[in-house]
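Participant: These protein sequence lines are chains Z and E, in that order.
Quick note on my numbering: the first sequence kicks off at 71 and runs consecutively.
Quick note on my numbering: the second sequence kicks off at 71 and runs consecutively.
Don't read these hints as lab results, they were simulated from the structure.
Check before you lean on any hint, since a few could be wrong.
One copy or two, it doesn't matter: identical chains are merged, so the pair holds either way.
[As the list claims (entries may be wrong)] 20 Å max Cα-Cα, derived EDC-like pairs, lysine to aspartate or glutamate:
no., residue 1, residue 2
1, LYS527, GLU283
2, LYS128, GLU117
3, LYS183, ASP171
4, LYS517, ASP502
5, LYS183, GLU226
6, LYS121, GLU133
Number of protein chains: 2
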Amino acid sequence: MKHALPVTREQDFAAWYQAVISEADLAEESGVRGCMVIRPWGYGIWERIQKLMDARIKAAGVENCYFPLFIPLSFFEKEADHVDGFAKEMAVVTHHRLIGDGKGKLIPDPDSKLEEPLVVRPTSETVIGQAMSRWVQSWRDLPLMVNQWANVVRWEMRTRMFLRTSEFLWQEGHTAHATRDDAMRETMRALEMYRDFAETALAMPVVAGEKPENERFPGAVATYSIEAMMQDGKALQAGTSHYLGTGFAEAAGIKYQDQEGGQQLAHTTSWGVSTRMIGGVIMVHGDDDGLRCPPQIAPHQVVIVPMLRDNDEDGAIISYCEELAQALAAIDVFREPLRVLFDKKPAKAANKRWGWVKKGAPIIIEVGGRDVAGGNVSVLRRDRLYNDAGKLDSVIGSRDAFVSGAAAMLQDIQASLHAEAKARLEANIRRDVTDRDALAAAFTGDKPGWVEIQWAKPTGESLDKVVEWLKGHKLTLRNAPIDAAPASGTCLFTDLPAVERVLVGRSY
Amino acid sequence: MKHALPVTREQDFAAWYQAVISEADLAEESGVRGCMVIRPWGYGIWERIQKLMDARIKAAGVENCYFPLFIPLSFFEKEADHVDGFAKEMAVVTHHRLIGDGKGKLIPDPDSKLEEPLVVRPTSETVIGQAMSRWVQSWRDLPLMVNQWANVVRWEMRTRMFLRTSEFLWQEGHTAHATRDDAMRETMRALEMYRDFAETALAMPVVAGEKPENERFPGAVATYSIEAMMQDGKALQAGTSHYLGTGFAEAAGIKYQDQEGGQQLAHTTSWGVSTRMIGGVIMVHGDDDGLRCPPQIAPHQVVIVPMLRDNDEDGAIISYCEELAQALAAIDVFREPLRVLFDKKPAKAANKRWGWVKKGAPIIIEVGGRDVAGGNVSVLRRDRLYNDAGKLDSVIGSRDAFVSGAAAMLQDIQASLHAEAKARLEANIRRDVTDRDALAAAFTGDKPGWVEIQWAKPTGESLDKVVEWLKGHKLTLRNAPIDAAPASGTCLFTDLPAVERVLVGRSY
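Next comes chain Z alone, as it looks inside the complex (with noise of 0.2 Å):
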């Protein structure tokens, strides 16, 4: 069968997703080392999950601010941790002024050298919290909860688009408070929040859990995730939740007076989830055709294609779909107004329903001269294109039994979208390996999928062995599910009585 992209899934995984990215127009080389240019498609789908994330974070109560792109190097100097973790890999900003050469060419002004280097932020921690610390005072000022979107820069020798760029866009929650409970419990419903934003707009399943040791975010106390299968098996951390104790605070100063007149240090937490998610998307749902996109976040959701011939027809196909647009454009679904896109651009209808296919529209409608005659549409469902004879699967039925079904059309696109993620996820994840030689076979196959091991959760020096000799294997520990079962046996790596269940997988 002959597909849309050059190249299968099976032939190649990361060729295949470079050419859904490519073939999608979701995103392109920008010639700037690491970074990418995000088209629009690409940001289309970025600004349907921040409208859509932003909703449920203003829901808990959190305010947007908004905080400088630039971090003096001083602030990293206050939480050694934080810095042991992030130094390696920062863009640095030393000077503020460029001249000419002499020779045609710019270079920075020695005479604007600054006298304390900017790093452009990888994060913000110490930057926000030096303003918390001004804006906490009291008990009364907690908890305080702010998050921002902005764009984060932590430099990559290795990049991949989506995955791992040297710029990316990302939201970051940042919230200090009075105790550790009222912090962990906010941890907690970031990642539930991730959790639930995933399965539910992304259509893409995860498994919520802690990080192991190694993994922790520089200078956090416990770390949280939610990680995603993608169709080659491997896991992708697809949003983290950190609980940072009171180390951050003490760094930058956040403390309050308590109820009672003593001076406390605030708890603080922080979380992210970044453009990654689109890397994410791609690689649950994408199909040798390209792009599927889940519904909840496809820039158009509908789109309607006429198959014009330059004739007297032309006319008439053209109101019908402007007619037909209306329609679907005054249908709620999920909550919103249907999205729906009549595109008129001057190309062929076939290239047209192609682009659309590699893009991932959930629903492509086809209206020639035949179906306006008889008050009809082809459609064309994103998700289960081809039928069983291997034929694309383009439904001629009623327009008006189409309208009134879009919006369950839809919800059932998104719903089977997820479903299909799930049952695979599922399929993958292998829980009777008991020993290492058994846990490095279960990865020697074709897409391996992970494994879930009961172990001790060893610590310090034990850990490093263990994380070493999974480096040998090209594993890591991914988390701990918050929702496995209970510990019950004996720890692969250490022989002591297992405390929980941990992941192993390998990881983009």
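With chain Z held as given, fit chain E onto it using these hints.
Facilitator: Just chain E, lined up with the frame of chain Z:
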């Protein structure tokens, strides 16, 4: 009469401006040179501006994208005029890693020096031009219209919150067209979009017109602006739209094959508005009690403050307020759901009331036990805070009557703020000045406003002389209003026949 701010507009307009920003919790200094922290109320206004402007941008067929924060130096070297205009004030990234200096401090790792320094974007014509050169091949690809919401950095020596900060937030539209006419049409469309947005959403009357040659965007063929009059009579450039000719297209290689098969350079435009608009809103609508936020951009349009007394009545007051909030949230105003906040924070009612007065919530409702008993509410309209006797004009009236009239009241507040500012603008533009001495004299008084003069639109050295004379009087040319009467007299500067009218004023 006592007011909520520590300083009045009359006493010290600049100090008053800072006081509004501080007392209304709009923004604050960040501790990072030239950068501010935008606090929730200030950022909420920006989110409203984004939402309303973004809808207008999308309605014009412009698509949102995202381009890299960093721009290689060499990109800037291509458009010579553009470089000259910006070269002096850019943040330059020269290293990509930090290391310890062995004394507990961090320094840029000398081994991580970049071969080619990267500039933090001051604007994105160059990097977007590179992308357009890839995207534009044929006349069918035109017009190409993109926009991005982003942070930009222009190193500023003297900063002022919202008006001039080293980092600021904005949107930048960039379009490419087949012909000069098409590009000029888009330039004027964006200008009119800004004019209408300022007048409608911000209730801020503006004058739209062409900037004189010396005030053009670096590299532009023509620059247009909207200019707003602050309450001290100074002008604030609140948005610009540029026709860039083919210069940027030539530098970046944006070429297309025309319908006859020939190669043509595209004509490009760019246009932007920024967080500076918030500074304009403050200085146009603020009074001695703080900000008066136009309802269309107020994060909360109605705020309900319960007057609790820590007694048995409190429960009934809270229920009453919650029902009121629900009833108001069900109303549509300006074609959106009304934004209501029930302020439950643990603080004294009077402090909360004055907090919202300073923030400029358009309507503040107070509810005490007696209001509940009588089915009433106490209504404070922020645009008319005091009655003729100089007392706070809190009006007790029926709850139901308030609810049914709330949308109309918000519309009236929006219209009143606009009318007040419009009257002030019109009263403070003089058109009777015909010689230089009179022009200089017009600016000797307090709050002098603007003067519209006739001129011959001199260029080159002749213009330089005019600009120098104006500079000596701390004056600038604002723009040549599109709606001005035709020229009919003699140029005040050159004694040549006037060809247009131009506004002269002090400016921010």
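Participant: Can you give the numbers of the hints that this structure goes against, from lowest to highest?
Facilitator: No hint contradicted; all consistent.
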